[in-house]
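If you read the protein sequences in the order shown, they are chains A, B and C. Take the first sequence: its position 172, counted from the start at 1, is 172 in the numbering used here, and no numbers get skipped. Take the second sequence: its position 29, counted from the start at 1, is 1029 in the numbering used here, and no numbers get skipped. Take the third sequence: its position 9, counted from the start at 1, is 2009 in the numbering used here, and no numbers get skipped.
Keep in mind that a hint or two might mislead.
[Unchecked claim] Calculated pairs, DSBU-like style, for lysine-lysine (alpha carbon to alpha carbon, straight line, at most 30 Å): (1) K141(A) <-> K117(A); (2) K141(A) <-> K114(A); (3) K126(A) <-> K188(A); (4) K1006(B) <-> K2116(C); (5) K1257(B) <-> K126(A); (6) K84(A) <-> K126(A); (7) K294(A) <-> K188(A); (8) K126(A) <-> K141(A); (9) K2201(C) <-> K1006(B); (10) K84(A) <-> K188(A); (11) K114(A) <-> K78(A); (12) K84(A) <-> K117(A); (13) K141(A) <-> K188(A); (14) K2223(C) <-> K2116(C); (15) K178(A) <-> K294(A); (16) K84(A) <-> K2025(C); (17) K2116(C) <-> K1257(B); (18) K1257(B) <-> K2201(C); (19) K114(A) <-> K126(A); (20) K1257(B) <-> K141(A); (21) K114(A) <-> K1257(B); (22) K141(A) <-> K2201(C); (23) K1006(B) <-> K2223(C); (24) K141(A) <-> K178(A); (25) K2116(C) <-> K2201(C); (26) K78(A) <-> K117(A).
No lab work stands behind these hints, which were simulated from the structure alone. Given the structure is predicted, the values throughout are model-derived calculations rather than measurements.
Chain by chain, the residues:
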Amino acid sequence: MNKETSARQFAEAGADLSLVNVTKRFPGFTAIDDLSLDIPAGSFFALLGPSGCGKTTTLRLVAGLEEPTEGRILVGGKDVTDTKAYQRPVNTVFQSYALFPHMSVLDNVMFGLKRRKIADADQLAKDALALVELGHVANRKPAQLSGGQQQRVALARAVVNRPALLLLDEPLGALDLKLRRQMQLELKEIQQEVGLTFLHVTHDQEEAMTMADTVAVMNQGRIEQMGAPEELYESPQTSFVATFLGQSNLFTGEVSGSTNQVITVSVAGQELRVPTDRAVSHRGDVTVGIRPEKVVLHREKPAQSSSVTVLGPGRVTDASFSGVSTQYLVEVPGMGQIIVFAQNTSLGEHASEGDEVFVSWQVDHAFGLADAPAPEGKYVSDTDTVSVAVQEREKLEAEFEEA
Amino acid sequence: MRGFGKYLLWVYSGMALVFLMIPIVYTIVFSFNDARRTNIVWRGFTFDNWLDVCNAQDVCSSFGNSLLVAGVSTVLATAMGTAIALALVRYRFRFREATTLLLFLPMATPEVVLGAGLAAQFLQLGVQKGLVTIIIAHTMFCISFVVVTVRARVAVLDGALEEAGRDLYASPNQVFWRVTFPLLIPGIVAAALLSFALSFDDFIITNFNAGPAMTFPRFVYTAAARGIPAEANVIASGVFFCAILLVLIAQVGGAIKRQRLAQVG
Amino acid sequence: MAFGAFQSSAPGGSVAAAAPQVQRKSPVALWLLLPGILYLILFFVTPLFSLVLTSFQESVPGGFIGEYQTAFRFENYVEVVSTYFTHIGRSFVYASLATVFALLLGYPLAYVIGVKLRAYPLWQALALVLLIAPFFISFLLRTLAWKQIFSDEGFVVGALKTMQLIPADAYLTGTPFSVVFGLTYMFLPFMALPIYATLEKLDLRYVEAGGDLYANPVTVFRKVTFPLSIPGVISGTLLTFIPATGDYINASRDFLGSTDTAMMGNVIEANFLVLQNFPAAAALSLILMMSILILVSIYVRRSGTDDLL
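Sequences and hints are given; from them, build the entire structure.
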């Protein structure tokens, strides 16, 4: 049985998902703050964010494993907020796979079908296993399978129920790089063939961008920006998105002039230009950003032009060769450290530490943000849920002391 | 010096294990003794004791009583204890600390106190002492052990498994019986075995609450003064071999299973 | 706590760490708890009250042996303590000695099985079976075996006398030595198993880290391994000391003891079953129980009730 025929048997359309003003509060802190979200049927949607941002909580709310403090959840237009997990047409692929260790692989996959008393559960389960190419391990126990195989069984177990909405909770986290890439492609393939709506939660931005049609970046319980991966990457609207999704060079200054085409921001004596339609705000303090791969390194000062921004001279403080590209850190007086990714298109031609260089970029590639990047300490701050809760408690205690 | 020290630990531990085994070996060996009334001096090797186990008076009947008492108390204690263990891990309730204390105390109370207390109570109520009172007593002290054993098992259950059950359309009832309970069975079996062993070998509490009834340990104690028949050694050795066989099967079976699981396909 | 000794390790199969189980409030909890708790209240708590009441009873004037009436005779306690304080003291001394010896024997044994034998799982399983094997033979017969081994006609005494290590008219049975020996033997597995349980879970990477940070093996044991095994040591100590204080088999005349070595347990048994002096037996039992409870409460105060089970 080839993949095409088996996929057709599952071709039941997915449903859309709506979260309306959903808030989830735990004792001590708010995990999700007034979240509203619409996911169209049949799309592959990724919720991206650091640990503790609330993405897993969002998933659990949709699955019915938690109840929202406020707000409504609608699946396929129906309000499911008050229904229990086992009553919702939603299935989850868990981060730890959660395969029942005391049942065979086949029994695992049949579990949901049996609970719903669906006829021919046996055959349907076998078909689902064929879809993930694991028909030959049907009688084994989960502990006898490798991580990648367990992951596929977990997927089959969820997909076989033809849920309106399939939730994936960082399912690829435990796999090694090569296997993860393979699974990313397979998941995307299955989603397109079967036509279900996928909601994928992850902290891996590369994964989100390669797999999803739409990505939402979450931070501290709120969605900062949502859109196609390319849109988010090339036109970020907050400094969090600009720094979480890939890296950015950010310069904050005051708007010194604006026209219909371009706004000019004054940073440390330099005049940086941003296209007006790529700037979130046009007055006051604006942060100009440029992606490192858009920055070009020059040995000599390049020709001036109104469509190119030139900074320098600066000094190379670090050059890291990483195969495909070389990452340079260039210290430009007054502007700080600028990150440059230069593709290694030729052999050997790299700038070295200490070299004096100039950097430039197309004005059209820059973007403008309304908020400045948060000052970062030497070590990245703790954002996992436990630390967040501890920090909140310490804040409350401090407030108590003061009062 | 270091080399010598390395082996010292092993030798010391080996000796400790030998120390543990000596009386066991002695008991088994003397079950083959061609003893007359008392089994104190070695007279000669014989299989007679094994072949005619029930020859000595009371040996077999007391053994039977012990089995009966252990069986009934195990069933009762395991049922009640498992329920409590589930409640302790899965539910929030008031008086949790008091409950934990109440469960812990029987394990911490010396057997003389437990035995004397129950006996005093039966005395005051005018209850006839016998097999029933023994069963009551055994069930009482076994509950705590069952709770501890099962609770440890419940506590390490992966919560994600039950969430997966709920996610896959299983009602709370179905989640319990199809996901939770099957995973608990090894723990429950371990608790039942522990309870059986504790009950079977119990002497002190039994002695206080038996009245005229005879269990195997009680038989041994009362016979100690005048001389224990070799048949008692036979019974004890028989039980020992069965138990060891069970344990070995479990351990070896577990090792084989682990080896099979390690062959990932 | 202690009884982790009887657990096998949790089933494998999940990739990430097991998710915590949420505790909910529900009337189901009541139904689960009720049978067992009621049973314990009926057959554990009430008997203890009976015991307290009995301890204050006084003999009926002109009544027969074993007949008592309810009263509040506090003198019972005074009498009991003054009559039997040697026995009380002896019980605690013997139990303490047995506990110390059991620890000295049991800890290295537990260490070898739980740490050193990890590389040889089959031998580890075998050693473990040997460690719990004593539980499968009636402890009465085991104690009797030692009695016969140490008897005057036995091999041990004979050999010691031939080697002139003990005087010709010495005997081993019925001495404090044999009683403490018997107690140590009986409770050695109780001490070793909880320690084994904690050591078995010891993450050897801590030991490696200690070595990496310039500590020699002795220091690593002192500062890393032993402190991490303390919960097991405490469990083992409690599991040994508490039953040992109340034991009366080892000290009994028919086994390893004599009238000179009688412990509290012997006295309680004699008073209850033979002399039918129920108030005295009850008073003694409660004194024993109280002293144990004091010890336990110190332990609980330090670690909280959660750790008890």
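Going down the list of hints, with the structure as the test:
no.	hint	verdict
1	K141(A) <-> K117(A)	holds, 23 Å
2	K141(A) <-> K114(A)	holds, 19 Å
3	K126(A) <-> K188(A)	holds, 21 Å
4	K1006(B) <-> K2116(C)	holds, 11 Å
5	K1257(B) <-> K126(A)	holds, 26 Å
6	K84(A) <-> K126(A)	holds, 28 Å
7	K294(A) <-> K188(A)	holds, 29 Å
8	K126(A) <-> K141(A)	holds, 15 Å
9	K2201(C) <-> K1006(B)	holds, 22 Å
10	K84(A) <-> K188(A)	holds, 29 Å
11	K114(A) <-> K78(A)	holds, 24 Å
12	K84(A) <-> K117(A)	holds, 18 Å
13	K141(A) <-> K188(A)	holds, 27 Å
14	K2223(C) <-> K2116(C)	holds, 18 Å
15	K178(A) <-> K294(A)	holds, 28 Å
16	K84(A) <-> K2025(C)	holds, 17 Å
17	K2116(C) <-> K1257(B)	holds, 23 Å
18	K1257(B) <-> K2201(C)	holds, 21 Å
19	K114(A) <-> K126(A)	holds, 14 Å
20	K1257(B) <-> K141(A)	holds, 11 Å
21	K114(A) <-> K1257(B)	holds, 28 Å
22	K141(A) <-> K2201(C)	holds, 26 Å
23	K1006(B) <-> K2223(C)	holds, 20 Å
24	K141(A) <-> K178(A)	holds, 25 Å
25	K2116(C) <-> K2201(C)	holds, 12 Å
26	K78(A) <-> K117(A)	holds, 23 Å
The structure fails none of the hints (numbered hints given earlier).
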